[in-house]
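Protein chains in written order, with the numbering used here: chain A, 102 to 476; chain B, 102 to 476; chain C, 102 to 476.
Since the hints were derived computationally from the structure, they do not count as laboratory data. Computed from a prediction, not measured in an experiment: that's the story for all the values here. Even glycine gets a Cβ: it sits at the ideal position worked out from N, Cα and C. Check the hints yourself; a few may be wrong.
Straight-line alpha carbon distances no greater than 30 Å define the calculated DSSO-like cross-link-like pairs of lysine-lysine that follow [to be verified]:
no.	chain 1	residue 1	chain 2	residue 2
1	B	464	A	464
2	A	431	C	294
3	A	431	C	154
4	A	431	C	440
5	C	431	B	440
Beta-carbon label-pair distances, calculated as ranges [unchecked claim]:
no.	chain 1	residue 1	chain 2	residue 2	range
6	C	211	A	213	29 to 37 Å
7	C	316	A	436	28 to 36 Å
8	A	316	C	201	41 to 49 Å
9	C	138	A	310	27 to 35 Å
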Amino acid sequence: MRVSHTIAEIAAALGAMAAGDTRLTVTGAAEPAVAGPDDLALAMDPKYAEGLKAGSTRAAVLWEGADWQELGLQAAIFVSRPRVAMAGLTRQFDPGPDIAPGIHATAVISAEAVIGPDAHIGPFVVIGRGARIGARARIGAHVSVGAESRIGDDALLHAGIRIGNNVRIGDRFICQPNAVIGGDGFSFVTPEKSGVEEIRETLGGRTEIRRQSWTRIHSLGGVEIGDDVEVGSSSAIDAGTIRATSIGPGTKIDNLVHIAHNVQIGRDCLFAGQVGIAGSTRIGDRVVMGGQCGVSDNIFVGDDVIAGGGTKIYTNAPGGRVLLGSPALKMESHVEAWKNIRRLGRLFAEVADLRDIVTRLGKSGAHGHDDDNKH
Amino acid sequence: MRVSHTIAEIAAALGAMAAGDTRLTVTGAAEPAVAGPDDLALAMDPKYAEGLKAGSTRAAVLWEGADWQELGLQAAIFVSRPRVAMAGLTRQFDPGPDIAPGIHATAVISAEAVIGPDAHIGPFVVIGRGARIGARARIGAHVSVGAESRIGDDALLHAGIRIGNNVRIGDRFICQPNAVIGGDGFSFVTPEKSGVEEIRETLGGRTEIRRQSWTRIHSLGGVEIGDDVEVGSSSAIDAGTIRATSIGPGTKIDNLVHIAHNVQIGRDCLFAGQVGIAGSTRIGDRVVMGGQCGVSDNIFVGDDVIAGGGTKIYTNAPGGRVLLGSPALKMESHVEAWKNIRRLGRLFAEVADLRDIVTRLGKSGAHGHDDDNKH
Amino acid sequence: MRVSHTIAEIAAALGAMAAGDTRLTVTGAAEPAVAGPDDLALAMDPKYAEGLKAGSTRAAVLWEGADWQELGLQAAIFVSRPRVAMAGLTRQFDPGPDIAPGIHATAVISAEAVIGPDAHIGPFVVIGRGARIGARARIGAHVSVGAESRIGDDALLHAGIRIGNNVRIGDRFICQPNAVIGGDGFSFVTPEKSGVEEIRETLGGRTEIRRQSWTRIHSLGGVEIGDDVEVGSSSAIDAGTIRATSIGPGTKIDNLVHIAHNVQIGRDCLFAGQVGIAGSTRIGDRVVMGGQCGVSDNIFVGDDVIAGGGTKIYTNAPGGRVLLGSPALKMESHVEAWKNIRRLGRLFAEVADLRDIVTRLGKSGAHGHDDDNKH
Chain A
102 MRVSHTIAEI AAALGAMAAG DTRLTVTGAA EPAVAGPDDL ALAMDPKYAE
152 GLKAGSTRAA VLWEGADWQE LGLQAAIFVS RPRVAMAGLT RQFDPGPDIA
202 PGIHATAVIS AEAVIGPDAH IGPFVVIGRG ARIGARARIG AHVSVGAESR
252 IGDDALLHAG IRIGNNVRIG DRFICQPNAV IGGDGFSFVT PEKSGVEEIR
302 ETLGGRTEIR RQSWTRIHSL GGVEIGDDVE VGSSSAIDAG TIRATSIGPG
352 TKIDNLVHIA HNVQIGRDCL FAGQVGIAGS TRIGDRVVMG GQCGVSDNIF
402 VGDDVIAGGG TKIYTNAPGG RVLLGSPALK MESHVEAWKN IRRLGRLFAE
452 VADLRDIVTR LGKSGAHGHD DDNKH
Chain B
102 MRVSHTIAEI AAALGAMAAG DTRLTVTGAA EPAVAGPDDL ALAMDPKYAE
152 GLKAGSTRAA VLWEGADWQE LGLQAAIFVS RPRVAMAGLT RQFDPGPDIA
202 PGIHATAVIS AEAVIGPDAH IGPFVVIGRG ARIGARARIG AHVSVGAESR
252 IGDDALLHAG IRIGNNVRIG DRFICQPNAV IGGDGFSFVT PEKSGVEEIR
302 ETLGGRTEIR RQSWTRIHSL GGVEIGDDVE VGSSSAIDAG TIRATSIGPG
352 TKIDNLVHIA HNVQIGRDCL FAGQVGIAGS TRIGDRVVMG GQCGVSDNIF
402 VGDDVIAGGG TKIYTNAPGG RVLLGSPALK MESHVEAWKN IRRLGRLFAE
452 VADLRDIVTR LGKSGAHGHD DDNKH
Chain C
102 MRVSHTIAEI AAALGAMAAG DTRLTVTGAA EPAVAGPDDL ALAMDPKYAE
152 GLKAGSTRAA VLWEGADWQE LGLQAAIFVS RPRVAMAGLT RQFDPGPDIA
202 PGIHATAVIS AEAVIGPDAH IGPFVVIGRG ARIGARARIG AHVSVGAESR
252 IGDDALLHAG IRIGNNVRIG DRFICQPNAV IGGDGFSFVT PEKSGVEEIR
302 ETLGGRTEIR RQSWTRIHSL GGVEIGDDVE VGSSSAIDAG TIRATSIGPG
352 TKIDNLVHIA HNVQIGRDCL FAGQVGIAGS TRIGDRVVMG GQCGVSDNIF
402 VGDDVIAGGG TKIYTNAPGG RVLLGSPALK MESHVEAWKN IRRLGRLFAE
452 VADLRDIVTR LGKSGAHGHD DDNKH
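For reference, chain A alone in the conformation it holds in the complex (with noise of 0.2 Å):
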């Protein structure tokens, strides 16, 4: 499960530059100090040189400007923007995921299902009626694929993921295991007037509690996905009620979010870790937001938001802002409410030396005329 490369291959992959025995082969990437002869190691800056030294590496990527020679090395590779040259190197030694060409004898395929050519899927998968699945898809074991449902080209699902019906994806979509995409959305109402419904009329004042029960409402607006879209492991994204719920081209979603029935997302838009986007918000392009952020029902979030982990955003939030804390707040504001929350103690202390002190001056300023503190 190694790939092969020469220097001059990763490097022309790369755009770099390199130097030395170019033709030299390596089988995987390595940080430094582990690097044996067969890996390329990843010593984008200065501070790895020791450990270059000191391991049996014969090749490196190194930064700008590095001796390689100096550095014990055969063959070197020279970059600038480690991070953008790691996207590079990693996608070129990725053996990419273990599922074999074909449709395996187990997979369960309607006979009115269409899967495009130089498909890749894998046991128990299931594919429902009127599903259509576009060219070298790659589906690993145990995926489950609704009714009417379409995927574009180059897709890789990973095992176990579930996409419900009426779910309409585009190209190049990757999808880690487990995740469910058109799900029913969460959507009850009571025949009365709810107390939810009334606290967010009174904000927070209930007159009455009744009793309630829940009539759901169904979903019947499944799921639109752009291009180049990502999903990751056991992330839930909900089917809209009318309308499909949707998530732009570019947009990537890390593990176990949830995105619930009606949001529109926009492209572009990074979302980390266990974010969770309550039903019909809107949230534009680039927006992009830490682990744990959570955002309220029914508002919207302009383009190029950036929250930062945690952050809870109850009301909308203009294009640009940064925001933080729970309940969001400007960054800067965040930062300022805190520094002064900390410092209450000391205030606390302040204010109850001003009042003696003002105390004192009273009663020694109070010469002959009538105080009327009545504190």
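The hints should help you fit chains B and C onto chain A, whose structure is shown.
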């Protein structure tokens, strides 16, 4: 996968008035702006009037008192509470899951299991020894049901659900894909008193830090779930230790919710996405929790409590309370607290200013007598 | 599915004293109020005495010094630390999972995989090329194990678990249903510096907002897990980029927990439900996190840290610290902060009052000389 109804049938099912050509047939519901001639447009608010006129819609659901003829319609249904109408409308147009009648040839069902009449059981389903499934069950692909578990009549289990051993569920259970019910509780003990036990007694102080390792307490109690319960995608409800973890009838649970061992939840509760309830906590009836709420272990949340999204409840909450924030405060206290926090910068400035004035007053007023202000 | 033991056997396994007819047989454990004649009642606290007398129980586990004959019992076991006794008791009465010995006929096991002796492998399990499973494995239905992964002896994998490629796990691993180990890390880079990189440098400021799209960094490092680890339902542990994401021996992880790529976790940690650890963060030994804790990426949490439920850790935490809140503070600072916040209404009033007094003092004391108070 579209469902056909006449306007008269739909109105009758909703208990609503209809007008015009009520024999007209529609095969789906849609928003006014995109509704086609075979769709029932959902336009329960006057704001949709323009959209209706612009489209090719022949029939719509309208607000009470709307002039359907002026809107260019051939037929209309009139409703007073739109979300209640949505429940009835979406139910009528839901084609239901794509699970064929009968038991799929690939399903592995224990000879000691009992499956009720009219079952729909999908590919690769596994039903364990002694399990009993009620009448008219619909069970999607790749579901597994453990030994001695019981599920009532009219269950709908979507793909990939895991029901453990010794789980007892009432009638009309609906469960979204990849949910897990009856996993082992997370319950561990150290041979000596652990750091966690110590700080619970000392409220934060630690006398000494000991090495500790964890011995598991097994979960023998299973799970009990009442009638009319729903559970969302990838939610996890753990088995109890000795007695069952229990969920009351009518309670609805969204995606990625965590219900720990021994938790007792009342009837008709609503828990939104990513809520977490820690071990042995009791929740009353009709409790509503927004997304990402958390409740500590071994506490009690009274009937009719409503907690906004992201609320973290650390102590017992009396019935009827409306809570918000982390830590949870009464909603009005939370709003007041954050209003105050955001004014702290001005308060610090105000106190500094008062200090200046008082210092000056002390100097100007210190005409001869001694000032004992030592601060 | 009940397990039969004599009182003498149970006492011996617990290392506890027994009294009365220790040859008496019980087939389960129950709370005193509901224990039947074949149950061992669990009554380790005097508060259960009344419940015992009311029931039909013949044998019980009692607090030290209890008068078993006065409680109407035929046999009793005496324990000093009830939760430690619970570990032993529940282990003895656990019938274990319903997985038949041998390899189920439907399992798809690569010819290049190695399965240890005495395996129990359930229906529809898929084991990939080059995978190795130790002795006495018990693997539930629908589990998949990726290429070249290794799992030690005595593993218990419940239904629906996904083990990716290149995952190496120690002995006695226990994993709850639908967990995912070895999904791809969530690691993306923009060709130009992204907004997130910029605000990390400027602490919130943004000079210009650029369009950006995301290029993935592949995950080649897999996951390494020590001996005696447990992972909860639907938790997700991502593969590392170059080196492995690692979990130390003895660490226990609850449901719906997210462990990102490159994270290093020490030994004997305890992470409750819905905890999230962001990428490349290092966690020491014996760290305990309550439910819904979050830890930022690229930081360090020292040995023996304890974080209460909902704590969000944004910066390095020194060993032994007890943390609470969002943002995380030392427990006593958190308690103090919220005590102060809740007193802010009074503080604002107090400062307003001081202002009034000072204003009056300034006027009354301003007998002739100039007051430069310009506020």
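Right, here's what the structure says about each hint:
1. A threshold of 30 Å between alpha carbons decides the hint, and for residue 464(B) with residue 464(A) the separation of about 15 Å falls inside it, so the pair holds.
2. Of the pairs offered as hints, the one joining residue 431(A) and residue 294(C) holds, with about 22 Å between alpha carbons and a cut-off of 30 Å not exceeded.
3. For a cut-off of 30 Å, the pair hint linking residue 431(A) to residue 154(C) is broken: about 62 Å separates their Cα positions.
4. At most 30 Å may separate the alpha-carbon atoms for a hinted pair to count; residue 431(A) and residue 440(C) meet this at roughly 24 Å.
5. Distance hint between residue 431(C) and residue 440(B) is fulfilled; the C-alpha atoms sit about 24 Å from each other, no more than 30 Å.
6. Separated by about 32 Å at the C-beta atoms, residue 211(C) and residue 213(A) satisfy the suggested range of 29 to 37 Å.
7. Between residue 316(C) and residue 436(A), the C-beta spacing of about 31 Å keeps the proposed range 28 to 36 Å intact.
8. Between residue 316(A) and residue 201(C), the C-beta spacing of about 43 Å keeps the proposed range 41 to 49 Å intact.
9. Hint check: residue 138(C) to residue 310(A), Cβ distance near 44 Å, so the stated range 27 to 35 Å is violated.
The structure fails hints 3 and 9 (numbered hints given earlier, in ascending order).
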